[in-house]
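Undergrad: Working from the sequences, and respecting the hints, build out all of it.
Plus 90 on top of the position in the sequence shown (first one is 1) and you've got the working numbering.
If you're looking for bench data, these hints aren't it; they were derived computationally from the structure.
There may be inaccurate statements among the hints.
Listed next, with one range per pair, are the computed distances between beta-carbon atoms [stated by the list, open to error]:
(1) G188 x L149: 56 to 62 Å
(2) L155 x G188: 55 to 61 Å
(3) S169 x R96: 20 to 26 Å
(4) R94 x A168: 20 to 26 Å
(5) L173 x M91: 25 to 31 Å
(6) S152 x P185: 52 to 58 Å
(7) A168 x S92: 23 to 29 Å
(8) L134 x S98: 24 to 30 Å
(9) S98 x Q132: 30 to 36 Å
(10) G142 x F170: 16 to 22 Å
(11) R150 x G128: 33 to 39 Å
Positions of the beta carbon are idealized from the N, C-alpha and C atoms, including for glycine.
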Amino acid sequence: MSPRLRRSLLAAAGTFAGFTLAWIAVGLGNSGDAFPQGAARQLLPLLLVGPGLGAFAGLRASSRLAVITLLALTLLSASFWLLVPDGWWAVGAPPMPGPR
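TA: Rendered as structure tokens:
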């Protein structure tokens, strides 16, 4: 594999992992049923910063440990998007007392 192709693939993997980690952070900062609410509004810029930092990390990954870490984060990110249901941050309404 050529070094240029390797760097491009690692940058793409880093972008994907960076966006996923930023999405999780924003989702965890959400305080209500709608998106975004509460702290999630202030965390929204992470969705722009995270992919850029991930791409930078992918471009700079030269050691074996850095490449393995980046690929592991990419696999975890892919499993997040495959296994976590849509609306995972939303909390259902509490049970209401009354006649059933």
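Undergrad: It remains to establish, for every hint, whether it holds in the given structure.
TA: Outcome of the hint check:
| no. | hint | verdict |
| --- | --- | --- |
| 1 | G188 x L149: 56 to 62 Å | holds, 59 Å |
| 2 | L155 x G188: 55 to 61 Å | holds, 58 Å |
| 3 | S169 x R96: 20 to 26 Å | holds, 23 Å |
| 4 | R94 x A168: 20 to 26 Å | holds, 24 Å |
| 5 | L173 x M91: 25 to 31 Å | holds, 30 Å |
| 6 | S152 x P185: 52 to 58 Å | holds, 54 Å |
| 7 | A168 x S92: 23 to 29 Å | holds, 24 Å |
| 8 | L134 x S98: 24 to 30 Å | holds, 28 Å |
| 9 | S98 x Q132: 30 to 36 Å | holds, 33 Å |
| 10 | G142 x F170: 16 to 22 Å | holds, 20 Å |
| 11 | R150 x G128: 33 to 39 Å | holds, 34 Å |
Of the numbered hints listed earlier, not one is contradicted by the structure.
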